[in-house]
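I would like the entire structure built from these sequences, with the hints used as guidance.
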Amino acid sequence: MSNSNLFLKSGFVRAPLQNGVGRYVCQLQRIVLKFCKSHGGSRGLRDFIEQDLVDFASNNPGVVVYLKPRRHRSPVVVAEYLNGDRVWMNMHNKTHSEITKWIEVLRTQQGDIASTRLRKYQYTDYPSVQGPWTPFTFKDPKLNVAELPNEEFGANNRLPMSATEQLRIMFEKQTLDVKPQEE
Amino acid sequence: MSAVKRAQQWATFARTWHIFDCKWQDPYESANVIKKYLMGLHKPIYHPMNDCGDVVVCINSREIALRGDEWRQRAYFHHTGYPGGATWTLAWELHNKDPTMIIKKAVYRAMKGNLQRRHTMERLFIYPGEVIPEEVKQNITNQIRQIRLVPTRLDHIPEEEVQKYPKVMDYPEDYVLK
Amino acid sequence: MVFLTISNLIRVRGPDEFWRKRRIFRLAAHFVGRRRNCYSVAVRNVHRALVYATKARKLKKQDMKDLWNTRISAACEQHNITAFTLKEGLDRSNIMLDRKSLSDLASWEPRTFECLAAIAKQKLQLDGFIDTVDKKYPTGVNLNLKDVMLEAWLKEKK
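Each protein sequence line maps, in turn, to chains A, B and C. Per full-length UniProt numbering, the first sequence starts with residue 1, numbered consecutively. Per full-length UniProt numbering, the second sequence starts with residue 1, numbered consecutively. Per full-length UniProt numbering, the third sequence starts with residue 1, numbered consecutively.
Careful: at least some of the hints might be erroneous.
Sample of chain B residues at the chain C side, in silico, Cβ under 7 Å [said to hold, decoys possible]: (1) His42; (2) Lys43; (3) Pro44; (4) Ile45; (5) Tyr46.
Straight-line Cα separation of at most 30 Å, BS3-like style, residue types lysine-lysine; simulated pairs [to be verified]: (6) Lys58(C) x Lys87(C); (7) Lys120(A) x Lys55(C); (8) Lys123(C) x Lys139(A); (9) Lys65(C) x Lys9(A).
Partial chain A-side listing against chain C, Cβ under 8 Å, derived [said to hold, decoys possible]: (10) Pro127; (11) Ser128; (12) Val129; (13) Gln130; (14) Pro132; (15) Trp133; (16) Thr137; (17) Phe138.
These aren't lab readings, by the way, just hints derived from the structure by calculation. Computed from a predicted model, the values in this text were never measured in an experiment. Virtual Cβ for every residue (Gly too), placed ideally from N, Cα, C.
Laid out in structure tokens, this is it:
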């Protein structure tokens, strides 16, 4: 078998445990914002932390937020999900509004969906209304009681009528036509 | 998978046992039909990699009919692998030796030569006569239709019916039959 | 490192050698044995694999088409019509279903497919179109030649 799915795992368009039907469980569990306090590349992330982070944390009590300042390194956001996925995202030189949108994406997605190849673009739990085909769907019920092998089911019934048969039928029609006249 | 879905899957992939009467049939034509059932090509769920082939039981393989002069003309080649190990067996010789062999080879050759072919052939049962072992017979639930009509021999029709059958004309009194 | 001679310069294939090779090794990661570990072997096989992948994009479509055709003709068989009858009949009744949806219907919604088969057959019978492959009925029965041609035949006799 081929190992072409070595790096990119495959999956279907599906919410885990019918998430969002009746109740919603935020799949994001933990988010770590790593940034530099002085470097320009972290500016957008610093703005986000100053202005929006407290609101984000209070709006999402289920999400653990960590801040990790580190000197002279690129800003990074790492999100961890209920299914064990870990998404690492570089935020270098990203503006405040961009980062707001990306954090929103990380919060609402259900796992590492960016690294999943979709086998199909649609999915259903109920693929069939009438019930899928089975060998018994269009079976002749007579076969249930028939003793096989049987001439009735074994002979070819899709052949054109033979000349002998046609002659015989013609003859029988003739005799039928003749008889009433005699009487 | 719920119990209902599991039962559904069993139903869809259930193996059917078919019976095929080889009496008066051309083995090479019927091989194409048998092949279809063996490989599962008659199901709308067919896929080369799913195991949806059925079982086919062939009976009366002793009474197959070859076309024209083929009993004498067709030769089956076999090589033992040793020098001078080539043999050519004529169809009638092979048929006398093993009456199931011609139909078996015909089905084998009708299928594409891949790894699956030998496993598919395991699902083909051939019997020279009408007698089938009971454990095979009890599984059979379907019959494959023959390709040709089986002709009835004149000496097998009762005398009364022959007499009653309409005639186009009578031979003249002085006509000498060959 | 200082290169003093031209012959040494030939060896240098640029500073990105590591990344160039790494790109190939990434593509060869799922190969077996030396094909994934030795660059000179790996690169050959990666090129071969990419060629196969290019060709397979077209072949995949053909394979799917063949598979659908097989499934449709199998499904038609159980309703005593041929795949040609189905296609011709549906075309004439303006039912534009492609092979994929037909084969999907055949396995997932068998009763719908049964109706489609019946429609196709009925339409062909209405049109007086005889499928020569289907020999169940003697040719010409569905044409109702008697009704159409009877007057013409009577005239001929006079």
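- Which hints from the list above does the structure break, by number from lowest to highest? none
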